[in-house]
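Q: Sequence:
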Amino acid sequence: MAVFKHPQILIASNLADGEVVFLGQSGWERDHCRARVAQNAEEAAALEAAGKRDVSANRVVDVYLADVEIGRDGAPTPLHYRERMRVKGPSVRLDLGKQQLPGSAA
-19 MAVFKHPQIL
-9 IASNLADGEV
1 VFLGQSGWER
11 DHCRARVAQN
21 AEEAAALEAA
31 GKRDVSANRV
41 VDVYLADVEI
51 GRDGAPTPLH
61 YRERMRVKGP
71 SVRLDLGKQQ
81 LPGSAA
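Take -19 as the starting number for the sequence shown in our numbering and just add one per residue.
Since the hints were derived computationally from the structure, they do not count as laboratory data.
Check before you lean on any hint, since a few could be wrong.
Stated by the list, open to error - Cut-off 30 angstroms, straight-line C-alpha distance, at most; resulting in silico cross-link-like pairs (DSS-like, lysine-lysine):
{"hint": "1", "residue 1": "K32", "residue 2": "K68"}
{"hint": "2", "residue 1": "K32", "residue 2": "K(-15)"}
{"hint": "3", "residue 1": "K(-15)", "residue 2": "K68"}
Sequences are here, hints too, so could you generate the full structure?
A: Shown next, in the form of structure tokens:
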């Protein structure tokens, strides 16, 4: 098992529509702020196991843990560029996808 350095969230792609999703308390969420946050290696392993079950059930693909920092508001913010871009949505046209919704972080 890798050394646990930062809190982590589980990210995947929804198999039905390709949207980026985050494992939350009651299933896969489209809002990263609702993601379950692993605070230690055991919690991270539990998130990964849940993700692998959903891969086997053909709900999601490309499941992986991403390091985050927790903001003052309690929301997880990805530490790495790839995950920050996935949170924002497609970067090709800002008038399409979730980044065009009011209050988006784009």
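Q: Each of the hints needs a verdict: does it hold here or not?
A: A quick look at each hint next to the structure:
As the CA atoms of K32 and K68 are separated by approximately 24 angstroms, the hinted pair is consistent with the 30 angstroms bound. At roughly 22 angstroms between alpha-carbon atoms, K32 and K(-15) fall within 30 angstroms of each other, so this suggested pair holds. With a CA separation close to 24 angstroms, the supplied pair K(-15) and K68 stays within the 30 angstroms bound.
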